[in-house]
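All chains, full assembly: derive it from the sequences and hints.
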Amino acid sequence: MQALGFILRRTLLLAVVLLVVSLLTFGIVNVLPGDVATAVLGDMATPEQAAALRERLGLDEPLAQRYLAWLTALLQGDFGTSLQHGQPIAPLLMGRLGNSAILGLLTLTIAAPLAVALGIVAALRPGGLLDRLIGAIAVGAYALPEYVIGLLAILAFSIWLPVLPGTSLMDPNENPLARPEALVLPVCVLITGMLAFISQITRASMIQVMASPYVRTAILKGVPFRRVVLKHALPNLLPPTITEIGMYLGYVIGGLVVVETLFSYAGLGQLVTNAVSYRDVPVIQATVLLVAAAYGIGNLLADVVALLLTPRLRA
Amino acid sequence: MMPPRMPNLILSRRVILGGAAALTGAALLPGRRAYAQSGVVPRKGGVLRFCRPDPPDMLDPMATNSFSGMEFSQMVYDNLVMLDADAQPLPWLATAWEGLKDGQEWLLTLREGVRFHDGQTLTSADVAATIERSIDKSRAGAGFGAFGPVQSVAAEGPTKLRVTMTMPFGEFPVVLAYRACRILPARGIDSLRETPNGTGPFRFKEFQPGSSITVEKFDGYWNPDVQHLDGVRMVFIREAVAMQAAMRGGQVDLITQIPLETYLVMRRLPGFKAHSAPTGDYHTIQIMGNKEPFTNPKVRQAFQYIPDRKAIVAAALFGQGVPGNDVTLPPGNVYLPQLPVIEQDLPRARKLLDESGVKELSIDAYTTSDRQPAPKMVLAFSEAASKIGITVRVRDIPYTEYAANVARKMPMYSSYFSGSATLYDGVYKIHHSKAIYNYGNTEVAPGLDAKLDAMIAEVDLAKRKQVAGEALKLIQAHSDRMVPYFRNYVGVTSEKVQGFEPPKYGTIETRGIWLSA
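In order, the protein sequence lines correspond to chains F and R. Here the numbering used here is used: the first residue of the first sequence is 176, the next is one more, and so on. Here the numbering used here is used: the first residue of the second sequence is 496, the next is one more, and so on.
These aren't lab readings, by the way, just hints derived from the structure by calculation. There may be inaccurate statements among the hints.
[Claimed, not checked] Just a few of them, taken from the derived set where beta-carbon distance is under 8 angstroms, the chain F residues facing chain R:
#1 221
#2 262
#3 265
#4 306
#5 407
#6 411
#7 454
[Stated by the list, open to error] Derived list of chain R stretches under chain F, where covered just means 3 residues or more per stretch with a C-beta under 8 angstroms from a C-beta of chain F:
#8 543-557
#9 636-648
#10 782-795
#11 900-906
Quantities reported herein were computed from a predicted structural model and do not represent experimental measurements. Glycine included, each C-beta is placed from N, C-alpha and C at the ideal position.
Okay, here's the thing in structure tokens:
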């Protein structure tokens, strides 16, 4: 019951957060210099041409009126129409949402257990060779932006050693899993950043857990070391780590924007990059809202899992 | 070194009274004749995978302002004429044209039996609707005024129409080949952004915004001799390294609008054809004649002597271009008179500046990295200016901000223009004080507007050249835009792409391209 109440409270909070996000996004995009009229017509257009296009697109309406109209339509399940392309936004989002989800979930599925395992291995002998090696690689990977890692990956595996495609060239209605080779580099780039961060968080937590009195007691009682780690330390390590992974979702989503654009992968990131270039406010609004919802739901799920893994919190 | 030769526009009798005599040329596009002469039979079939860095702003052929949008419209729509290698009009959807009243009126005859992709037959009503849209500011978008100074248009039967100009306009048949002059269907003319429908060799199949555009062969195309491909898939890769990887990995057949660095790498690789060819495309440094300190002609003149144009071509274009001379026509153009060559002369620039009364000068120069290599050009200018005590701060800002807050508003910024086959687009619309691309709406030299009006109205070639020459001399001496270079087109195709020709006027022509086995 307590868990259900927790979920309900968090869901309500998420709805409020999404409303605030939509308001902020709308405000920020409209404060930025330029709009879809200047972006589409370019620098050669006269002010009269830009004004005519604004009128055609309804951009001459007051901001508050436009926001309310958008919100009303959204509450009725209508994401609106792209200002740039004149197409309904919902179909634009659907295929891309699936593609981004595949990329993100693959990253999480591979990176999360791997990062936790690396963190544990590093923590078992703090200061040892393996720990220092993992630490050095993690710091290096974390210091490099995904964009740079992606470029290096394309150079290394698509140009110097041409074994993998350096670009996905995928359409939103294509199933990315049908072309696994096109997923390898984007997923590896996303994994690299995540491994670095989560492994170091796990390492720090594990060192703390291994130094706790109940673990020391178990060791002194002669419980086999492997059993100490797996049965006693790991259950206490997992809840905070899962919460961290949930928090890290935002980083993965941010990485998707960069990686999808770099690898021409038809996901939400690619869509929003293009929409921002052209100040296509309804598309930006819809995409940001979806991403915020995904982040909120991911966080909620992580908290629920952490709750279920912690008897003290469940009680 | 000889300057590259640009196509010469000669307003011959064929231009004024054209079409019928050149009918035989309609089956073959300029430059594709070489294949016919060599006896090579183009292979039919295959899908061309065509890669560009930027997705189109929109699919409306008249309103689009992006090269990708214009390349899409070139595949799906037709123009009334095509241009041959000398920029002479060839019959296309129009089979004949006749200039009346010294070019004040034009009578066009349309090809019969041409169908739109939705099955409707092309008639003069479609052409009239297209031209009418182009003169309606609220509906034309970027294509406003594309057909020239049109006053009115009237259909005279299903295949004939009369176009009346506001002034004699000898270049009308050449202007008809312009990118924004695709012929649109009267029905649905304002909804082509959502439902493209042309008479071109390819029909629209699918658009995935930001990802790709797919077009497929239109079986009812009136000129199957230039239609070899089963379709074209245009894909968009923003990052140059990824674009290069796609080309080298065989994922695409053609990459265009590539950075010069990519061209330099790819031209050394076997299995690819790297193309670098002169165009009339150029970057400018706008020194706005309606804003301080450039309202002072001496300051504008001083600035002309600051950049080292040869060095900029070498450093910013890696040699893939030619120095400009502050006129908007490239070297070799038939209309260019003998003009003094403007070279870097810093003492003279300083002297002119002193004469202008401006002792200290510190100014922001805006540019955008989205229009490469303009920032390098502006940076080179800034460094040279600093040697004579002028401070030019380079402001590199995103294109959207640039389009909104810089163009037409700031005193000094870089801009980009693509080459044009006509004096109307290449000179008149840029320099006449009431023309659309004269950003400051300034007549930079007394009498220039009158000379430009006379240039456009003049139908006789010799007289026209003379008037154009006089106007260009005035422009060079007083212009509020510097043209430091003309840049080459650069692109790469795979070896199996045949019949590709580097575009002279910005967009790639897929008619006539075929894929070898």
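(message) Under the constraints set out in the numbered hints, which ones does this structure not fulfil?
(response) 3, 4, 5, 6 and 10
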